[in-house]
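Chains as they are written, first to last, in the numbering used here: chain A, 1 to 318; chain B, 1 to 289.
Keep in mind that the hints were calculated from the coordinates and are not lab data. Built from N, CA and C at the ideal position, the CB exists for glycine as well. Wrong hints could be hidden among the right ones.
Simulated restraints, written as ranges between beta carbons of each label pair [stated by the list, open to error]: (1) A:Phe-299 with B:Ala-182: 30 to 36 Å; (2) A:Phe-184 with B:Asp-178: 45 to 51 Å; (3) B:Gly-118 with A:Phe-184: 47 to 53 Å; (4) B:Arg-171 with A:Gly-114: 18 to 24 Å.
Beyond 12 Å from chain B on every Cβ pair, some chain A residues (computed) [unchecked claim]: (5) Leu-24; (6) Val-176; (7) Tyr-209; (8) Asp-246.
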Amino acid sequence: MTGTIKIPQIAVNAVGILLIAAILLCPFVAGSFWLFFFAQMIVASYVAVSFNLAYSYGRVLSFAQGSFFGLGAYVALYLASSNPWSLPLIIVASVVMTAVVGAFFGAIFVRMSGHNPTIATVILASAGLLAANALGGVTGSEDGLGVHAVAVGAGALSIHLGPTKSLYYLLAIPLVCLLTAWHFVQQRDFWKVVRAVASNELRAQQLGYNVRVRKLLIFAVSAGISGLGGAFYALLMRHVSSTTFDIGLSVNAILYAVVGGTGTIFGPLLGVFVIYPMTEIIAHYFLYVQIVVGAVLIFTALVMPKGILGTLFDRTRS
Amino acid sequence: MQLFNELFFELLNGVVWGLILAMIALGLCLIYGLMGVINIAHGSFYMVGAVAGVYVVNHLGANFWMALLVVPLLLGAIGLVLNAVVFEQVVRRDPTIGLLATAGLLLIIDNGMLAIFGGTPESIAPPVLGGVSIFGVFYPAYRLVAAGIAIVVLGLTWLFLRFTVYGLWMRATPQSRDLASAIGIPIGRVNQLTVVLGAMTAGLAGVLVAPISAAYFQMGLTILAASFMVVVIGGLGNLLGVVGIALLFGVIRGLLSVVMPPTWAEVAVLLVLLPIMYFKPNGIFEGWK
Numbered sequence: 001m002t003g004t005i006k007i008p009q010i011a012v013n014a015v016g017i018l019l020i021a022a023i024l025l026c027p028f029v030a031g032s033f034w035l036f037f038f039a040q041m042i043v044a045s046y047v048a049v050s051f052n053l054a055y056s057y058g059r060v061l062s063f064a065q066g067s068f069f070g071l072g073a074y075v076a077l078y079l080a081s082s083n084p085w086s087l088p089l090i091i092v093a094s095v096v097m098t099a100v101v102g103a104f105f106g107a108i109f110v111r112m113s114g115h116n117p118t119i120a121t122v123i124l125a126s127a128g129l130l131a132a133n134a135l136g137g138v139t140g141s142e143d144g145l146g147v148h149a150v151a152v153g154a155g156a157l158s159i160h161l162g163p164t165k166s167l168y169y170l171l172a173i174p175l176v177c178l179l180t181a182w183h184f185v186q187q188r189d190f191w192k193v194v195r196a197v198a199s200n201e202l203r204a205q206q207l208g209y210n211v212r213v214r215k216l217l218i219f220a221v222s223a224g225i226s227g228l229g230g231a232f233y234a235l236l237m238r239h240v241s242s243t244t245f246d247i248g249l250s251v252n253a254i255l256y257a258v259v260g261g262t263g264t265i266f267g268p269l270l271g272v273f274v275i276y277p278m279t280e281i282i283a284h285y286f287l288y289v290q291i292v293v294g295a296v297l298i299f300t301a302l303v304m305p306k307g308i309l310g311t312l313f314d315r316t317r318s
Numbered sequence: 001m002q003l004f005n006e007l008f009f010e011l012l013n014g015v016v017w018g019l020i021l022a023m024i025a026l027g028l029c030l031i032y033g034l035m036g037v038i039n040i041a042h043g044s045f046y047m048v049g050a051v052a053g054v055y056v057v058n059h060l061g062a063n064f065w066m067a068l069l070v071v072p073l074l075l076g077a078i079g080l081v082l083n084a085v086v087f088e089q090v091v092r093r094d095p096t097i098g099l100l101a102t103a104g105l106l107l108i109i110d111n112g113m114l115a116i117f118g119g120t121p122e123s124i125a126p127p128v129l130g131g132v133s134i135f136g137v138f139y140p141a142y143r144l145v146a147a148g149i150a151i152v153v154l155g156l157t158w159l160f161l162r163f164t165v166y167g168l169w170m171r172a173t174p175q176s177r178d179l180a181s182a183i184g185i186p187i188g189r190v191n192q193l194t195v196v197l198g199a200m201t202a203g204l205a206g207v208l209v210a211p212i213s214a215a216y217f218q219m220g221l222t223i224l225a226a227s228f229m230v231v232v233i234g235g236l237g238n239l240l241g242v243v244g245i246a247l248l249f250g251v252i253r254g255l256l257s258v259v260m261p262p263t264w265a266e267v268a269v270l271l272v273l274l275p276i277m278y279f280k281p282n283g284i285f286e287g288w289k
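Hey, can you work out the whole structure from these sequences and the hints?
As structure tokens, this is what we get:
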């Protein structure tokens with residue numbers, strides 16, 4: 001699980017194109033149920049992608065991505081309620097705010113060695129939930145708060161909140177752009193440095209790269225991506241509660257990424273599209289579906305830690 | 001005088017809390033030190049202890065001391081099973097696998113307890129009523145008893161590690177796993193004992209807390225931040241450091257409780273200790289050995 005799994009490029013491309021096509025074409029073929037379902041999967045994908053970035057390239061196995069998600073959701077909730085006309089403000093502010101908080105804690109994480117950063121993210125996630133419940137006046141505690149606005153944006157760019165087609169594309173397009181761009185920068189020099197840092201810190205350091213700053217930036221960006229997902233969650237659901245800070249959200253995101261394959265670009269997306277429908281179907285019959293999620297996570301960790309893509313296509317079997 | 005009373009009261013509260021925290025962090029630290037497994041589900045052991053304690057006392061009609069005896073045994077049995085199913089499977093592999101597996105365990109245990117016992121927080125009546133006057137401050141007697149029990153358990157654990165052959169093995173194995181195996185230490189048995197001991201002490205801490213604060217399925221998450229912080233600052237694998245930092249944690253939380261609600265104090269103490277994590281990211285006793 002070193003984030004440098006060798007998978008034939010063609011398989012990755014095929015999976016990526018299929019998933020992106022499904023996301024983009026969904027509103028044309030699907031009814032409102034599936035539109036809402038896909039929108040939720042897209043929101044979950046942001047957290048899974050952000051975990052993958054933090055883990056595979058920032059070398060922090062983070063249990064705090066859900067906390068950034070919750071923070072982004074509340075930022076969007078308050079801005080959408082107070083300034084619904086300014087859609088860019090809502091999006092930019094939730095990303096910047098979570099990225100800054102991510103950078104603040106990332107500065108501590110990158111100083112730690114071994115698995116201490118992971119423990120620190122557990123502390124952060126657990127403290128985030130405590131804080132969200134302690135500040136009930138701000139977060140509305142477990143009952144949560146609603147978004148007062150019906151639509152965000154102004155004039156022709158006004159987008160109705162909830163599971164509408166226009167909001168769907170507002171959610172989907174940044175994710176598609178992010179993953180496509182990521183796919184194309186892979187062979188660029190600056191991304192090679194990122195991978196060099198991720199695969200061997202000491203070597204990268206001796207080659208003269210500032211490892212800590214790079215890891216810090218990666219972590220901040222990953223926090224921002226998760227925060228963006230949170231903001232979209234708030235706009236989609238029009239309601240946010242302190243339960244978004246539950247560590248279970250992070251664990252689910254980790255499961256998506258690990259099942260799909262960490263260190264691959266489209267793996268987390270694949271993980272969401274495999275696991276999310278599965279949990280929804282089970283939830284239909286069994287209320288405590290998180291028990292199953294936990295069992296699947298244990299199974300995946302023990303039996304196929306390289307994920308679906310890695311297990312199917314990895315040629316560097318040991 | 002009013003301020004002194006309040007300060008002293010919260011200080012005592014802090015020491016009691018610190019001792020209970022030490023019992024939880026102790027197991028976390030032992031399991032990491034010996035097996036290299038960072039047990040994300042450790043808070044859940046504590047939660048199971050508390051919820052099971054409430055159930056045994058309030059719904060099965062047993063008395064508190066009975067629960068104090070039975071529940072840790074139950075946790076020991078759970079530890080035995082989980083060691084075979086999860087911990088033993090991850091022990092020699094990449095620590096990441098252990099992290100993911102115990103995170104899965106956390107979801108299973110927490111939601112399993114929700115499914116069985118429901119989500120309503122419930123407490124039990126203190127088995128020792130009344131209070132004791134210390135320096136003119138009236139303090140609930142039960143909390144002093146709980147602190148006493150915690151001290152006894154911590155002491156017994158120390159004696160066990162110091163003076164029994166299992167304790168010797170448990171201290172020797174982390175230093176060199178291969179060497180320990182070569183001279184015939186039954187590492188599998190030692191691992192098993194560690195997980196069982198960790199689960200039992202955390203479960204016992206849960207039962208001790210049940211008469212002080214309400215037990216519910218997510219209380220493992222509330223202790224997670226504190227216990228991990230204590231273990232990181234005390235130094236992973238450094239038992240005495242962990243107990244000391246746990247007490248410090250409790251005392252700071254107690255003092256902060258004088259000026260703010262307890263739930264805020266819980267978060268604030270984490271913020272107070274945050275600079276230590278920045279300047280001494282690998283524990284304040286790093287480099288002492």
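Status of the hints after comparison with the structure:
no.	hint	verdict
1	A:Phe-299 with B:Ala-182: 30 to 36 Å	holds (33 Å)
2	A:Phe-184 with B:Asp-178: 45 to 51 Å	holds (47 Å)
3	B:Gly-118 with A:Phe-184: 47 to 53 Å	holds (51 Å)
4	B:Arg-171 with A:Gly-114: 18 to 24 Å	holds (21 Å)
5	Leu-24	holds (32 Å)
6	Val-176	holds (28 Å)
7	Tyr-209	holds (21 Å)
8	Asp-246	violated (7 Å)
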